[in-house]
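Novice: Sequence:
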Amino acid sequence: MHEGASLEEGALVATNYPHAELQAEVETVLTQIRVLNATHSQDAFAIEADLSTTTGPSELVAKVFEQSKRDKGDILINNAGLAIMTPIKAVTLEEWDKHINLNARGTFLLTQAVLPYLSKGSRIVNLSSSGARQPYMASSVYNGTKAMIESFTRCWAA
Numbered sequence: 001m002h003e004g005a006s007l008e009e010g011a012l013v014a015t016n017y018p019h020a021e022l023q024a025e026v027e028t029v030l031t032q033i034r035v036l037n038a039t040h041s042q043d044a045f046a047i048e049a050d051l052s053t054t055t056g057p058s059e060l061v062a063k064v065f066e067q068s069k070r071d072k073g074d075i076l077i078n079n080a081g082l083a084i085m086t087p088i089k090a091v092t093l094e095e096w097d098k099h100i101n102l103n104a105r106g107t108f109l110l111t112q113a114v115l116p117y118l119s120k121g122s123r124i125v126n127l128s129s130s131g132a133r134q135p136y137m138a139s140s141v142y143n144g145t146k147a148m149i150e151s152f153t154r155c156w157a158a
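Heads up: the sequence shown runs through residues 1 to 158, numbered per the UniProt record's numbering.
If you are wondering where the hints come from, they were derived from the structure by calculation, not from laboratory data. It is possible that some hints are incorrect.
Per label pair, the in silico range of CB-to-CB distance [as the list claims (entries may be wrong)]:
hint	residue 1	residue 2	range
1	Asn37	Ile88	45 to 55 Å
2	Lys120	Ile77	17 to 27 Å
3	Lys63	Gln42	15 to 25 Å
4	Thr53	Val29	36 to 46 Å
5	Glu59	Thr28	43 to 53 Å
Each computed DSSO-like pair below joins lysine-lysine, with the alpha-carbon atoms no more than 30 Å apart [as the list claims (entries may be wrong)]:
hint	residue 1	residue 2
6	Lys98	Lys63
7	Lys89	Lys120
8	Lys72	Lys120
9	Lys63	Lys120
What you are looking at is a predicted structure, and each value in this text was computed from that prediction instead of being measured. Ideal Cβ positions, reconstructed from N, Cα and C, are used throughout, including at glycine.
The whole structure should be built from the sequences, with the hints applied where relevant.
Specialist: As structure tokens, then:
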């Protein structure tokens, strides 16, 4: 891992939550980070931005760099995701859109938005699921979005 890449090595952590009703949960996470008392752990912060929208990812990136007063980042961890397990015959277009908009498009747009802020040694970590390769009942749409993320990762690494 390169310098500044982990909390223990002094990374400033910015996290995201999509809706105000999740603010209490993210505050719990921030408290856990601060208890570690690492170099920048007291400066950890959270930004509300809905990554399932077309503007949420770029708004998040802009706010993170504005609030952190930095012009470069070390790591992007694409971890936002939604799982609605529905048998294929009952999947609605609304469920399809929710999965695609957050799991796939959100990952894509957030990565695009952060690219100008990354250095040569920066990293992008895309979290997926075993569902990308393993069939599970009622998970075809979710699994499809996770397979997209794995394909993104292979293409972006090439």
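Novice: So, for every hint listed, does it hold in this structure?
Specialist: Now for the hints, and whether the structure bears them out:
Distance hint check for Asn37 and Ile88: the Cβ-Cβ separation is about 49 Å, which falls inside the suggested range of 45 to 55 Å. Evaluation of the 17 to 27 Å hint for Lys120 and Ile77 yields a pass: the beta carbon distance comes to about 19 Å. Between Lys63 and Gln42 the beta carbon distance is about 19 Å. The supplied range of 15 to 25 Å therefore holds. Between Thr53 and Val29, the C-beta spacing of about 22 Å breaks the proposed range 36 to 46 Å.
The given range of 43 to 53 Å is broken by Glu59 and Thr28, whose C-beta atoms sit roughly 24 Å from each other. Between the alpha carbons of Lys98 and Lys63 the distance comes to roughly 24 Å, so the proposed pair stays at or under 30 Å and holds. Restraint check: the Cα-Cα separation between Lys89 and Lys120 comes to about 46 Å, which exceeds 30 Å; the hinted pair is violated. This hinted pair checks out: Lys72 and Lys120 have alpha carbons roughly 11 Å apart, not beyond 30 Å.
Of the supplied pair hints, the one linking Lys63 and Lys120 holds, its CA atoms being roughly 22 Å apart against a limit of 30 Å.
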